[in-house]
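Here the protein sequences come in this chain order: F and D.
The first sequence runs 0 to 287 under numbering that gives the first Met the number 0.
The second sequence runs 0 to 273 under numbering that gives the first Met the number 0.
Errors might be hidden in some of the hints.
[Unchecked claim] Quick list of in silico lysine-lysine cross-link-like pairs, DSSO-like style, CA-CA up to 30 Å: (1) D:K68 x D:K221; (2) D:K236 x F:K254; (3) F:K22 x F:K72; (4) F:K278 x D:K264; (5) D:K57 x D:K187; (6) F:K254 x F:K220; (7) D:K221 x F:K141; (8) D:K236 x F:K189; (9) F:K141 x D:K212; (10) F:K189 x D:K234; (11) D:K232 x F:K189; (12) D:K264 x F:K254; (13) F:K192 x D:K234; (14) D:K187 x D:K156; (15) D:K187 x F:K141; (16) D:K264 x F:K141; (17) D:K221 x D:K264; (18) D:K156 x D:K212; (19) D:K47 x F:K141; (20) F:K278 x D:K213; (21) F:K254 x D:K221; (22) D:K234 x D:K213; (23) F:K254 x F:K27; (24) D:K107 x D:K212; (25) D:K264 x D:K57; (26) D:K156 x F:K141; (27) D:K221 x F:K278; (28) D:K212 x D:K187; (29) D:K47 x F:K192; (30) D:K156 x D:K221.
Derived from the structure by calculation, the hints contain no laboratory data.
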Amino acid sequence: MGAIIELNNVTYSYPLANECAIKNVSLKLEEGRFYGVIGQNGSGKTTLCSLIRGFAPSFFRGSLTGEVLVCGKPTLDYKPGELSLKIGYVFQNPFSQISGVKDTVFEEVAFGLENFGVPVDEIEERVIRAVELTGISALAEKNPYELSGGQQQRMALASIIVLEPDIMVIDEPTSQLDPEGTESVFEIIKGMKDRKKTIILVEHKVDLIAEHADEVIVLDKGEVIRFGSKDAILSDETLLECGVQLPNIALLGNKLTRSGVPLERIPITEQQGVEIIGKALRTRSWCK
Amino acid sequence: MAFIELQNVSFEYPGGFLAVDDIDIRIEQGENVAIAGQNGAGKTTAVKMCNGLLRPTKGNVIVDGINSKERTTAEISRVVGYVFQNPDDQIFHSTVLSEVEFGPKMMKMPAEKAKALIDYALRATGMYELRDENPYNLPLSVRKFVTIASIIAMDTKALIFDEPTAGQDLNGTIRLRNILGELREKGKTLVTITHDMEFVADNFSRLIVMANKKVVADGSPKEIFWDFPTLLKAKLKQPYVSRICNTLSIGSNVISMDDAVSAVKDGMAAHDSA
Chain F
0 MGAIIELNNV TYSYPLANEC AIKNVSLKLE EGRFYGVIGQ NGSGKTTLCS
50 LIRGFAPSFF RGSLTGEVLV CGKPTLDYKP GELSLKIGYV FQNPFSQISG
100 VKDTVFEEVA FGLENFGVPV DEIEERVIRA VELTGISALA EKNPYELSGG
150 QQQRMALASI IVLEPDIMVI DEPTSQLDPE GTESVFEIIK GMKDRKKTII
200 LVEHKVDLIA EHADEVIVLD KGEVIRFGSK DAILSDETLL ECGVQLPNIA
250 LLGNKLTRSG VPLERIPITE QQGVEIIGKA LRTRSWCK
Chain D
0 MAFIELQNVS FEYPGGFLAV DDIDIRIEQG ENVAIAGQNG AGKTTAVKMC
50 NGLLRPTKGN VIVDGINSKE RTTAEISRVV GYVFQNPDDQ IFHSTVLSEV
100 EFGPKMMKMP AEKAKALIDY ALRATGMYEL RDENPYNLPL SVRKFVTIAS
150 IIAMDTKALI FDEPTAGQDL NGTIRLRNIL GELREKGKTL VTITHDMEFV
200 ADNFSRLIVM ANKKVVADGS PKEIFWDFPT LLKAKLKQPY VSRICNTLSI
250 GSNVISMDDA VSAVKDGMAA HDSA
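Start from the sequences, fold in the hints, and give me the full structure.
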């Protein structure tokens, strides 16, 4: 299958910056897959998102070498606004995303569709579905600025889901959410994936990336240092040296192996942990 | 009397929304407490009453022996410092340094003492090298450390951190752990709101759980993380290692990696001898 997003030798620096925010990055992302982007703060995750949705360099300016292709076409060749039909972007800080011109959550979620010129009946229907899906129906009449951080994050997600873009770029959507809220956001994202959307998710909660993503992209100082299978990447303790947390289950697996408990491989999810550690428990040590 | 006491405290926001419903919390001087619970459970409202940002609409809040009703917010904030959940609600200076200097200046501290404290606060939080930056040029997760430094510089007896773990990466979480450790050694009373159960298990010996405007549990993480009715009521999850041990029926009070390793080894030994 062809790549829906392709970066060829991309190097990018913000205006007036001494260092490149992204260095020599080449990636091919396939349609309908769920990519988890991890790396320590300042490693270039949000900049990568901005490059994919064309905001770097069209909005931020700065200098770009190499090319970023979305559906085979360089982002630089898209007309302003055209890319936003294809790519939905959920901001890291929901406050930066709120339009500021709408008085209710319902109108805020409808804002994008209004701008796209969608008929009113259809807007209503789609907004109702989006606020239900994100669990904010009860807040529909509230002012966006009266919501808590967690509620704003759900509204920000609803505002993008409602647009049904083919590609969703989501930047740390759960930082303000409690564990249950976090799980529900991942359920929503899973639903988007089931509808064949391509998902690019920046997230520090690597346990949930291990659970839900198809592949993982690890950034360090602007470079992609790992890309591919989550099982191989997320069980590798050398990532800790790059300031990247591993899933708790992988940490436990590595610790068990070091202390002499034989595991057939390092688990990265709870379910794998139960299976693999369970198997070790059932193996008599004299069998080996 | 405990250092911070909330006695039958309720809080109703103007307009009639009840956010905290008849809670009792006692925190001794030098104690370190984590508070967990769902969004909207009343955690932030409860701690804002501890430093006078909010006044209880029922009951009493006693801080360092004095009822909060008898003191101004400015007075209480000299005893209990509060680090806001959203750093942008707190920061209003154009450099990190001037932001951190503000508290000691307002408290009219002697210049030398102020300088030493500001220096310490900047170094403890890793903000020293960034002191001339505009806070808004820093990422949100780093901006949080600017607000933490501002409160540390005030040298209050108690400090409250509202969701400091949100959005932190591995190094940010380690830095937080070190900050809490240093403050603990200085004998500070610390209250930390967090959604990160691993952070609670690793750093605290006391956990207060809030759900639906009330305190529903108050005890050690070891007890609470294996108290399933409470976890269900507060919609909290066990730490990952506890979940694995629970599913495998090994170790009924595991909350740390080390505990889990021992539980697995014990489980294997038991199987060998069976």
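Restraint status (C-alpha distance of K57 of chain D to K187 of chain D at most 30 Å): Measuring from Cα to Cα gives roughly 28 Å; hence the hint holds.
Would the hint linking K264 of chain D and K57 of chain D be met if the CA-CA limit is 30 Å? 52 Å, violated
Given the proposed pairing of K221 of chain D with K264 of chain D, does the C-alpha separation stay at or below 30 Å? OK: K221 of chain D and K264 of chain D at ~20 Å, within 30 Å.
Mind checking the alpha carbons of K47 of chain D and K141 of chain F for me, to see if they're no more than 30 Å apart? 24 Å, holds
K189 of chain F and K234 of chain D were given as a pair; does the straight-line alpha-carbon distance stay at or below 30 Å? 21 Å, holds
Taking only the CA atoms, is the gap from K254 of chain F to K27 of chain F under or equal to 30 Å? 34 Å, violated
Sort out whether K141 of chain F lies within 30 Å of K264 of chain D, counting only the CA atoms. 54 Å, violated
Hinted pair, alpha-carbon criterion (30 Å max): K264 of chain D, K254 of chain F. Please report holds or violated. 12 Å, holds
Given the hinted pair K187 of chain D and K141 of chain F, is their alpha-carbon gap at most 30 Å? Since the Cα atoms of K187 of chain D and K141 of chain F sit roughly 40 Å apart, the hinted pair is violated (cutoff 30 Å).
Pairwise hint evaluation, K213 of chain D against K234 of chain D, where the allowed Cα distance is 30 Å at most: 14 Å, holds
Straight-line Cα separation of K156 of chain D and K221 of chain D no greater than 30 Å? 27 Å, holds
Take the C-alpha atoms of K254 of chain F and K220 of chain F, compute the straight-line distance between them, and say whether it is at most 30 Å. 28 Å, holds
Hints 1, 7, 15, 16, 20, 23, 24, 25, 26, 29 from the earlier list are contradicted by this structure; the remaining hints agree with it.
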